Amino acid sequence: MCFSSEGVLPYQSIQTLVSKKHILSSTPIENSQIQPSSIDLRLGYRAWRLQASFLPGTNSTVGERLEDLAMHEIDLSQGCIFEKNCVYLVLLKESANLPSGITAFANTKSSIGRLDLLTRLITDYGAEFDRVSESYKGPLYAEVSPRSFSVLVRTGMRLNQIRFRNGNAPTPTLIGKGLPENITFSSLHGDPTSGINFSIDLKPRKGQSIGFKAKSHTPLIDLDRVNYYRVSDFWDRIEPESDRLILDPGAFYILMSKETVVVPPQYAAEMAPYMAMMGEFRVHYAGFFDPGFGYEAEGGKGSRGVLEVRCHEAPFTLQDGQVIGRLIYERMAEEPKILYGSKLNSNYQGQKLRLSKHFCHENA
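No gaps in the numbering here: position 305 of the sequence shown is 305 in the numbering used here, and each next residue is one more.
Think of the hints as simulated: they come from the structure by calculation, not from any bench. In this text, all values refer to a predicted model and were calculated from it rather than measured experimentally. A virtual CB, placed ideally from N, CA and C, is assigned to each residue, including glycine. Check before you lean on any hint, since a few could be wrong.
As the list claims (entries may be wrong) - With a straight-line Cα cutoff of 25 angstroms, these simulated DSS-like cross-link-like pairs (lysine-lysine) come out:
{"#": "1", "residue 1": "Lys215", "residue 2": "Lys203"}
{"#": "2", "residue 1": "Lys258", "residue 2": "Lys337"}
{"#": "3", "residue 1": "Lys213", "residue 2": "Lys203"}
{"#": "4", "residue 1": "Lys137", "residue 2": "Lys21"}
{"#": "5", "residue 1": "Lys213", "residue 2": "Lys258"}
{"#": "6", "residue 1": "Lys215", "residue 2": "Lys20"}
{"#": "7", "residue 1": "Lys84", "residue 2": "Lys357"}
{"#": "8", "residue 1": "Lys352", "residue 2": "Lys203"}
{"#": "9", "residue 1": "Lys84", "residue 2": "Lys213"}
{"#": "10", "residue 1": "Lys21", "residue 2": "Lys337"}
{"#": "11", "residue 1": "Lys137", "residue 2": "Lys20"}
{"#": "12", "residue 1": "Lys213", "residue 2": "Lys352"}
{"#": "13", "residue 1": "Lys20", "residue 2": "Lys213"}
{"#": "14", "residue 1": "Lys21", "residue 2": "Lys206"}
{"#": "15", "residue 1": "Lys352", "residue 2": "Lys215"}
{"#": "16", "residue 1": "Lys337", "residue 2": "Lys213"}
{"#": "17", "residue 1": "Lys215", "residue 2": "Lys84"}
{"#": "18", "residue 1": "Lys258", "residue 2": "Lys206"}
{"#": "19", "residue 1": "Lys258", "residue 2": "Lys357"}
{"#": "20", "residue 1": "Lys203", "residue 2": "Lys258"}
As the list claims (entries may be wrong) - Restraint ranges, calculated between C-beta atoms of paired labels, are given here:
{"#": "21", "residue 1": "Leu69", "residue 2": "Lys20", "range": "15 to 23 angstroms"}
{"#": "22", "residue 1": "Gly138", "residue 2": "Arg244", "range": "43 to 51 angstroms"}
{"#": "23", "residue 1": "Ala127", "residue 2": "Pro315", "range": "43 to 51 angstroms"}
{"#": "24", "residue 1": "Arg147", "residue 2": "Leu69", "range": "39 to 47 angstroms"}
{"#": "25", "residue 1": "Arg230", "residue 2": "Ser100", "range": "31 to 39 angstroms"}
Modelling step: build the complete structure from the supplied sequences, incorporating the hints.
See the structure below:
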């Protein structure tokens, strides 16, 4: 199979990969799985409770490593509780039969990341998480580790998604040309040829929360329940009196970027850490930004980026306006036939501060 242009493959090309059986599944792939620049992956029937996270490495299959690391096998068909701070591996319904020149990379879906549910893709002979090598033929697995809440999962649930790239890894590209005229970048945002910096919004607002902090002891979350759970059962609101926030070690936060995000139709985007040595915390970025994200929202002014932040070994102070990450843009091989937004009933178009779809919005 040969695609004419290099870049991230769009909706219509992913459909071609499916029809040509370069993406396989134990049950038919649903149209709703295919997004403007990715495809949702579904949990299969078999899962394993693990002693620890692992990568198989270039000389082993996942099955070979499971012989040493699996504690017991789980049937997901009737549902199973994945407990907080435990590690699980799930064989996905989808598998890969990639043609020459096509590689793939995965990420957690937005709603799953906002639950602090760490989900990473693993392949046979894989030396990296969330990466599928050129011409890979074999099963796909999801490593799942709940960090803040125990969750109920079932066969068919979609926790992560995968993109496909034709050609080499992306090279720096000027993205300003494709943005609406009212979107500009200041010196804070850095050189747009290598990504756009974004900062944290901690400006106090009377009577409004600027973020949420996960509670330590909470009920179970059934991932199939949407707009169901009370925010107060799972989250403490953050309403600071100053423009700074001290992060507690081990705590998980939902915060918001100062900047809005706009992804033109000819681009896809992903967030990346600003720099590894900037502090004792980690910003987890769930999901990709599809072409069209923020493009039609608020009159073209974009949508805020919701940030999942976890503090590590020592308390760390964040200041309003502090740069904490970078938005990396990559060209699409061609413009998708469908875009992120209202026509797809996209959950987070035009978002501001917002928890995952599992919580009652009127209480958020």
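Hint-by-hint comparison with the structure:
A distance of roughly 23 angstroms separates the Cα atoms of lysine 215 and lysine 203; the hinted pair therefore holds under the 25 angstroms criterion. Pair hint lysine 258 plus lysine 337 does not hold up; C-alpha atoms about 31 angstroms apart against a cutoff of 25 angstroms. Distance check on the hinted pair: lysine 213 and lysine 203 sit about 16 angstroms apart at the alpha-carbon level, within 25 angstroms; holds. Taken as a hint, the lysine 137 and lysine 21 pair is honoured in the structure, with Cα atoms around 11 angstroms apart against an allowance of 25 angstroms.
In summary, the hint linking lysine 213 to lysine 258 is supported, as the alpha carbons are separated by about 18 angstroms, within the 25 angstroms threshold. Only pairs whose Cα atoms come within 25 angstroms are accepted, and lysine 215 paired with lysine 20 is rejected, the gap being roughly 47 angstroms. With a C-alpha separation of about 20 angstroms, the suggested pairing of lysine 84 with lysine 357 holds against the 25 angstroms cut-off. Proposed proximity of lysine 352 and lysine 203 is supported: the alpha carbons are some 14 angstroms apart, at most 25 angstroms.
Proposed proximity of lysine 84 and lysine 213 is supported: the alpha carbons are some 16 angstroms apart, at most 25 angstroms. Between lysine 21 and lysine 337, the direct Cα distance comes to roughly 21 angstroms. Compliance with the 25 angstroms bound is thereby established for this hinted pair. Of the pairs offered as hints, the one joining lysine 137 and lysine 20 holds, with about 14 angstroms between alpha carbons and a cut-off of 25 angstroms not exceeded. Proposed proximity of lysine 213 and lysine 352 is supported: the alpha carbons are some 17 angstroms apart, at most 25 angstroms.
For the hint linking lysine 20 to lysine 213, the alpha-carbon distance of about 45 angstroms lies beyond 25 angstroms, and the restraint is violated. With a CA separation close to 55 angstroms, the supplied pair lysine 21 and lysine 206 exceeds the 25 angstroms bound. Between lysine 352 and lysine 215, the direct Cα distance comes to roughly 22 angstroms. Compliance with the 25 angstroms bound is thereby established for this hinted pair. Of the pairs offered as hints, the one joining lysine 337 and lysine 213 is violated, with about 38 angstroms between alpha carbons and a cut-off of 25 angstroms exceeded.
For the proposed pair lysine 215 and lysine 84, the alpha carbon gap of about 12 angstroms is at most 25 angstroms, so the pair holds. A threshold of 25 angstroms between alpha carbons decides the hint, and for lysine 258 with lysine 206 the separation of about 17 angstroms falls inside it, so the pair holds. Restraint check: the Cα-Cα separation between lysine 258 and lysine 357 comes to about 22 angstroms, which is no more than 25 angstroms; the hinted pair holds. Between the alpha carbons of lysine 203 and lysine 258 the distance comes to roughly 9 angstroms, so the proposed pair stays at or under 25 angstroms and holds.
Taken as a hint, the range 15 to 23 angstroms is violated for the pair leucine 69 and lysine 20, whose Cβ atoms sit roughly 35 angstroms apart. Hint check: glycine 138 to arginine 244, Cβ distance near 48 angstroms, so the stated range 43 to 51 angstroms holds. Separated by about 34 angstroms at the C-beta atoms, alanine 127 and proline 315 break the suggested range of 43 to 51 angstroms. Our hint of 39 to 47 angstroms for arginine 147 and leucine 69 is violated, since their Cβ atoms are close to 19 angstroms apart.
Checked against the hint of 31 to 39 angstroms, the C-beta distance between arginine 230 and serine 100 comes to roughly 51 angstroms, which is inconsistent with it.
Comparing the model with each numbered hint stated earlier shows that hints 2, 6, 13, 14, 16, 21, 23, 24 and 25 do not hold.
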